[in-house]
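A.B. asks: Spelled out, the chains give:
Number of protein chains: 2
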Amino acid sequence: MAQENCLQDIELYKKRSLSLKDALELLSGKWKLVVLLHLYHHGTSRFKDLQEGCVSISPKVLSKELQNLEINQLITRTVNNTKPVTVSYAITEHALEIEPVIMALVEFGMKHRVKITAA
Amino acid sequence: MAQENCLQDIELYKKRSLSLKDALELLSGKWKLVVLLHLYHHGTSRFKDLQEGCVSISPKVLSKELQNLEINQLITRTVNNTKPVTVSYAITEHALEIEPVIMALVEFGMKHRVKITAA
DNA sequence: ATACTCACTTTCCTAAAGGTAATCCATAAC
DNA sequence: GTTATGGATTACCTTTAGGAAAGTGAGTAT
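From first to last, the protein sequence lines stand for chains Y and C.
Just so we're aligned: 135 in this note's numbering is position 118 of the first sequence, and the numbers increase by one with no gaps anywhere.
Just so we're aligned: 132 in this note's numbering is position 115 of the second sequence, and the numbers increase by one with no gaps anywhere.
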């Protein structure tokens, strides 16, 4: 019985470890989560909004990240019928699953700042 | 009143955005969170345990990540009086704050796998 | 005709991440 | 004396991330 629990625990660890690696690969880099945070806060946004909201991101990098997020079905891209043309980006339902990740990171970031500025 | 709420929201976003960037910088890369997951599951571990647990990490990279985590006060390093010498790594109290991040990533990783294998 | 806006794209470059393989050092066992 | 172990370090190399700066192209306003 104790052994069974132990085996189960090892399996659980392996499974979690793989899931973690999957998630890290998908969300790796400086900007993807920052872009998503902007979309959570401001809702559907245009390229320019994102460029201004994600301070110091370059258009090249933003463009690349948006393409990547779209490929992974985390955002949608819509070309609007305006003049001049605008493009809207919105998070998908599936991307709502990432909100807990972002909020956990935000929480940790705040606590860490408090901790190191106190020390 | 509506304007005040709006200003507050902008401030909130900026604060969150900075916290997120802090956290991302601290935890960036392929391995840090994988190492921490191992420590959450297995408790205090030796170098060799971590090398075997974090499948496919090289000793060079593991060593570098451990140093980085120690510098940022997320783990402690203890040299044991054994023969041959062993070294123990343990998470700090402060690193417990990262558990929600890891678990949120694990959750998302699982859901994402389900989602893309279903499609 | 010129200039401006939005949404990019292209080129060029540097720094950092991270992998491989070999080596090191102390100790201990064979 | 040779080999094995734990915990690294070193040298070398490739790949990738990502920044800077300039350009593109369609449409609009002046």
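The reader is advised that the hints may include incorrect statements.
Because identical chains share one entry, a pair is satisfied inside a single copy or across any pair of copies.
[Said to hold, decoys possible] DSBU-like cross-link-like pairs, simulated, lysine-lysine; straight-line CA separation at most 30 angstroms: (1) Lys31 to Lys65; (2) Lys32 to Lys65; (3) Lys47 to Lys77; (4) Lys132 to Lys32; (5) Lys100 to Lys128; (6) Lys32 to Lys77; (7) Lys100 to Lys47; (8) Lys32 to Lys100; (9) Lys100 to Lys132; (10) Lys100 to Lys65; (11) Lys77 to Lys31.
The set of hints was computed from the structure by calculation and includes no laboratory data.
Here the structure is a predicted model, which means the values were calculated and not measured.
A.B. asks: Take the hints in turn and mark each one as holding or not.
C.D. replies: How the hints compare with the structure:
1. Lys31 to Lys65: Between copies only: 17 angstroms across, 42 angstroms inside.
2. Lys32 to Lys65: Classified as between: cross-chain Cα gap 21 angstroms, same-chain 40 angstroms, threshold 30 angstroms.
3. Lys47 to Lys77: both (14 angstroms within a copy, 24 angstroms between copies)
4. Lys132 to Lys32: Answer is between: at 16 angstroms across copies they meet the 30 angstroms cutoff, but 32 angstroms inside does not.
5. Lys100 to Lys128: neither (45 angstroms within a copy, 39 angstroms between copies)
6. Lys32 to Lys77: between (36 angstroms within a copy, 25 angstroms between copies)
7. Lys100 to Lys47: Classified as neither; 32 angstroms inside a copy, 43 angstroms across copies.
8. Lys32 to Lys100: neither (50 angstroms within a copy, 34 angstroms between copies)
9. Lys100 to Lys132: neither (49 angstroms within a copy, 37 angstroms between copies)
10. Lys100 to Lys65: Intra 14 angstroms, inter 62 angstroms, cutoff 30 angstroms: intra-copy only.
11. Lys77 to Lys31: The answer is between: 23 angstroms across copies meets 30 angstroms, while 37 angstroms in one copy does not.
In summary, the structure is inconsistent with hints 5, 7, 8, 9 from the numbered list given earlier, while agreeing with the others.
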